[in-house]
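Student: Spelled out from the first residue to the last, the chains are:
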Amino acid sequence: MTAPQAGAEKQVTDAAAVAPIADLSYRHYDGPLKDRKLRWWIVALVGVRWAMKRWWFWLLFLLSSASYGFWALMLFVESRLGPDFRQMMFQSAKDERFATVLFRSYDGSLFWLMVMALVVGAPSIAADNRTNALQVYLSKPLTKADYLLGKWAGVFTVVFAATLLPSLFLYAYCMLSFWSEGFFRNEPWLILRVLGVAAMSAAGFASLFVGVSAWCRSTMMSAAIGAGLYLASGIMAFILWMALHIRELEAGHPAAGALLQNASISGVLKSMAWNIYGVTIRFPMRGPNMPDGLTLHPPNVWVMGAAYSGIVILGLMAARFRVRAVEVVSG
Amino acid sequence: MTIATTTDLSVRYGRKPALIDLSIVVPEGSVGLLGPNGAGKTTLLKTWLGFLPPHAGSATVLGMDSASDSLKIRQRVGLMPELDCHIPGMTAVSYVAYAGELCGMPGNHAMRRAHEVLEYCGLGEARYRQVETYSTGMRQRIKLAQALVHGPRLLLLDEPTNGLDPEGRDEMLRLVRDISHDKGLHVIVCSHLLPDVEDTCDEVIVLREGQVVTQGSVESLRRTSGVQVDVELREASEAFCAAAERGGAKVVSRLGSRCRLALPDGTTDPAREVLAMAAASGAQVRAIRRARRSLEDVFMEAMA
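So the protein sequences, as listed, match chains A and B.
Residue numbers in the first sequence follow this note's numbering, run continuously in steps of one, and reach 331 at the last position.
Residue numbers in the second sequence follow this note's numbering, run continuously in steps of one, and reach 635 at the last position.
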């Protein structure tokens, strides 16, 4: 090897020893950019992924799905035991049979759906407030509406999926098992009702908990306030209902004061689902004042619709009012 | 070419004015926004990004109006906020990639770019750690990384050395200098720390109570008026100062054996004059150099 060759080789070896393995230089980005219209979905997707990576999400999903499994089992037992069992469990009009089962399943899962929505929704904006993440979000080409829509859609998607998937499972079971009993003929629009209830439920929970979250700087506080509102409104409505309708209840009219009984967040969501499924619940037990058993109709759809709209709009307005890129000092 | 401008800009928080009839032109390159706390530096940055609506006047960034084109501006500008901020529950690489996706980058591009930018900012080894576990210095770096990820043309750095130890500060200033002088990004550094601006910027705008006090290149601001020299003697000498004043010079400042002399206008050979004064007073001269004001002097004069 000649002297210049050896020198050149040494230089190359030295350069390799000094050079980093990774490329540490900075280059400008000149790659493609996506359209801004769906930027909110990126925010939503992060919320969905965050929830799906948590073990408790799957536990809550199982718990909320349990009532669908229970009612599927009841349908199976009924198909084996015959009309006597049906009289006992499923007293409903011919065209409401499967809608009733789906409504009762939803009613049974409501509490766990609330817990799921709470643990996903409570930190949605509160955690960002705690870490000043809004400055990061809003310094990007993202509007406040994109941010809020993204956060809302993240909670909505999780609750929607958690409501819809077990409903679809039950729906599919009913369709496959009771096709010959006029499943489609009697309840042709049931799938739309299932979708409607899932969307209604998810929108209600998402608006409520995102609205609460926007006003808090801690996830725990947000969860406490959200759960407090939900549970306290249910307890208050029950106490008021009992106090104001005690005589009617004692006289054997448990359907009295249905509006007041449902004047809570859980009651409004349940009533809306009841109206969407459009079923009449019939209990077979008979008493001195109920010779034909107990029949419950859905609460007034307009009143409950207005209450539901109030929850959704108030939640969204609260979030919109609170979320700002900069603190505005008044006075 | 100008990077950002304001024309008769007034911004208020409620009734409290934050910027008053502010008219400035920010040139290309690296520009420092100096001013004491409450001078309106951060307010100006927020107005440029469209976070705050002007009460009167207008502001532009990269030729776009801040009030009407704020989204386009934010697409081409990166902000490193003053406050500690991050998106909770994320590793550094997913956080920076997410910031890129928020700017419209496709997921795979954003992830690749996040790795590059984190390496550049010196967080390559810690990129898979949760941001919550980062030290203050690392958090400052990740704020810079998320501002750089989408390849902005202009970088707004709000107090970039906040809370850093001397080593971290040097490292951050080295990064800022590299970005602005070697990578061709325009940078506006907003700080109340004069050495930070002195180290990184070519141009300075000094604000006080929402108004511009002085503006110019660091070189021109540091230049002294007339002919001034710093003289270092072997030991402090009253006789030398007296000889200097007899020779028509003015003693601007004295500190131990050092003094700054303002020589008469028209002095062509300052060294010869100083040596003559030393010879007359019997003082021994150790060094003579052309006097330069520090940015601190400029700032203090502007604030006075």
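Worth double-checking, as some hints may not be accurate.
Unchecked claim - Under the rule of at most 20 Å between Cα atoms (straight-line distance), these lysine-lysine pairs were calculated in the PhoX-like manner: (1) LYS34/A - LYS581/B; (2) LYS34/A - LYS144/A; (3) LYS144/A - LYS37/A; (4) LYS403/B - LYS37/A; (5) LYS403/B - LYS144/A.
Stated by the list, open to error - Covered stretches of chain A, as calculated for chain B (at least 3 residues, CB under 8 Å): (6) 35-45; (7) 135-147.
Claimed, not checked - Negatives, chain A to chain B, calculated, CB over 10 Å: (8) LEU73; (9) LEU231; (10) ARG320.
It should be emphasised that the hints constitute simulated quantities derived from the structure, not laboratory data.
The beta carbon of each residue, even a glycine, is placed where N, CA and C say it ideally should be.
Student: A separate judgement is required for each hint: does it hold in the structure or not?
Tutor: Comparing the hints with the structure gives:
no. : hint                : verdict
1   : LYS34/A - LYS581/B  : violated, 65 Å
2   : LYS34/A - LYS144/A  : holds, 19 Å
3   : LYS144/A - LYS37/A  : holds, 13 Å
4   : LYS403/B - LYS37/A  : holds, 13 Å
5   : LYS403/B - LYS144/A : holds, 15 Å
6   : 35-45               : holds (count 5)
7   : 135-147             : holds (count 9)
8   : LEU73               : holds, 38 Å
9   : LEU231              : holds, 26 Å
10  : ARG320              : holds, 16 Å
Against the hints set out earlier in the document, a violation occurs for number 1 only.
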